[in-house]
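Chains as they are written, first to last, in our numbering: chain R, 1 to 200; chain L, 1 to 114.
Just to be clear, a hint being listed does not mean it is correct.
[Unchecked claim] Here are a few chain R residues that face chain L, going by a calculated C-beta distance under 10 Å:
{"id": "1", "residue": "96"}
{"id": "2", "residue": "103"}
{"id": "3", "residue": "105"}
{"id": "4", "residue": "146"}
{"id": "5", "residue": "155"}
{"id": "6", "residue": "156"}
{"id": "7", "residue": "162"}
{"id": "8", "residue": "177"}
{"id": "9", "residue": "178"}
{"id": "10", "residue": "182"}
{"id": "11", "residue": "183"}
{"id": "12", "residue": "184"}
{"id": "13", "residue": "196"}
If you are wondering where the hints come from, they were derived from the structure by calculation, not from laboratory data.
Think of the CB as a built atom: it goes at the ideal place given N, C-alpha and C, for glycine as much as any other residue.
Letter by letter, the chains look like this.
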Amino acid sequence: MSGLTTIAVVLLAASAAASYWSPPSDPGLQSADLSFLRRPRPFPDTPHLVVLPGKRSEHLDRALQRVQEAAPSAVRRGLGGSRRFALVPPVRQALTAALEDEGAQLTEMDCQVLQHAARTSSTCVLPPWPVAARNIPASSWIMRSAARIIPDGARWQEEWLAEYRAMEHRPLRARARFLAGLLIGALRLAWTTRQNHGRR
Amino acid sequence: MPPFRVTTAVRAVLQILLEDPGRSHYGLEICDKAGYQSGTVYPVLARLETCGWLESCWEQDPALREGSRSTLTRPRRRYYRFSADGAAAARNLLAASPQPRSASRWNRPAEGEA
């Protein structure tokens with residue numbers, strides 16, 4: 001089993017949400033061949049979390065086990081029992097924590113793959129299943145649009161999403177102002193981050 | 001000279017962070033305290049992070065470290081804090097650069113007060 005296959009184990013629905021897939025926030029991994037993640041899942045009725053048989057190593061197995069344990073709390077069911085994913089924080093955090101504990105024992109490739117999954121799986125805003133019937137909230141659309149013009153936009157989108165979700169108790173006006181600010185400031189942020197990428 | 005333009009927003013963000021340089025702050029908190037919109041604060045944070053004055057990291061969920069399920073109901077926040085020499089550089093900058101005209105007008109003591 002190649003290292004990149006492992007990502008399929010932990011990325012859950014990321015591959016299902018093809019149009020939601022954001023490029024890796026780690027520039028070093030942007031050139032990696034991750035095209036398989038954009039493919040629609042071949043078997044829509046199979047569980048979203050698939051653990052491939054066989055152990056690569058004790059430590060990787062333990063790390064994946066922890067991720068698997070975190071996954072059920074992330075799975076939500078929508079109307080009519082359709083699968084709905086809000087996967088991301090628990091799974092990603094399980095990945096990060098597992099990496100911190102087991103990382104030293106894993107191979108470099110395994111580490112890289114898991115780190116990539118920890119960074120990027122959270123940045124997929126996962127829609128209700130099926131993708132065609134999803135109803136995207138305007139806030140997600142605005143944040144995604146703003147992040148799209150920014151290099152390393154996945155990181156910013158994730159950060160804004162966290163802040164926006166924390167604003168749930170605030171009045172609509174405050175939330176709208178926050179979103180409007182992001183849209184207006186996205187150009188400036190894109191300019192700043194592009195300059196930095198240029199310098200690197 | 002810092003490698004960026006010192007605007008009133010930059011000053012405000014630095015002042016907020018300098019109130020407690022050892023603590024990590026998240027973006028929304030800085031927006032609220034500084035009174036600037038998200039579209040102003042995030043580019044400032046990006047600029048300060050790029051020049052090495054700030055460091056950022058994702059929020060850690062302590063529940064996961066203990067092996068239990070995550071208690072977070074939202075995505076993780078990004079936290080910003082001063083780097084090792086960032087706080088000193090920020091203090092120097094604020095001390096050295098003149099107050100913006102509008103700010104100095106407001107901060108000027110009223111006649112007869114001094």
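Against the structure, the hints come out as follows:
The restraint placing residue 96 of chain R at the interface with chain L holds, with a minimum CB-CB distance near 7 Å, inside the 10 Å limit. Residue-level restraint check for residue 103 of chain R is violated (minimum Cβ-Cβ distance to chain L is 14 Å; threshold 10 Å). Given the 10 Å rule on beta carbons, the hint for residue 105 of chain R is violated: about 17 Å separates it from the nearest Cβ of chain L. At a threshold of 10 Å, the smallest CB-CB gap from residue 146 of chain R to chain L is about 9 Å, leaving the interface hint in force.
With 10 Å as the threshold, the beta carbon of residue 155 of chain R comes within range of chain L, its nearest partner Cβ sitting at about 8 Å, so the hint holds. Among the interface hints, the one on residue 156 of chain R holds; its C-beta lies about 7 Å from the nearest C-beta in chain L, closer than the 10 Å criterion. The beta carbon of residue 162 of chain R comes within 4 Å of a beta carbon in chain L, closer than 10 Å, and the hint placing it at the interface holds. Checking residue 177 of chain R against chain L: minimum C-beta separation of about 7 Å stays under 10 Å; hint holds.
Here the hint on residue 178 of chain R is kept, as its CB sits about 5 Å from the closest CB of chain L, short of 10 Å. Because the closest C-beta pair between residue 182 of chain R and chain L is about 5 Å apart, less than 10 Å, the hint holds. Here the hint on residue 183 of chain R is kept, as its CB sits about 7 Å from the closest CB of chain L, short of 10 Å. Hint status for residue 184 of chain R: holds, given a least beta-carbon distance of 4 Å to chain L, under 10 Å.
Restraint check, residue 196 of chain R versus chain L: the minimum CB separation of about 4 Å is within 10 Å; hint holds.
When the structure is compared with the earlier hints, violations turn up for hints 2 and 3 and for no others.
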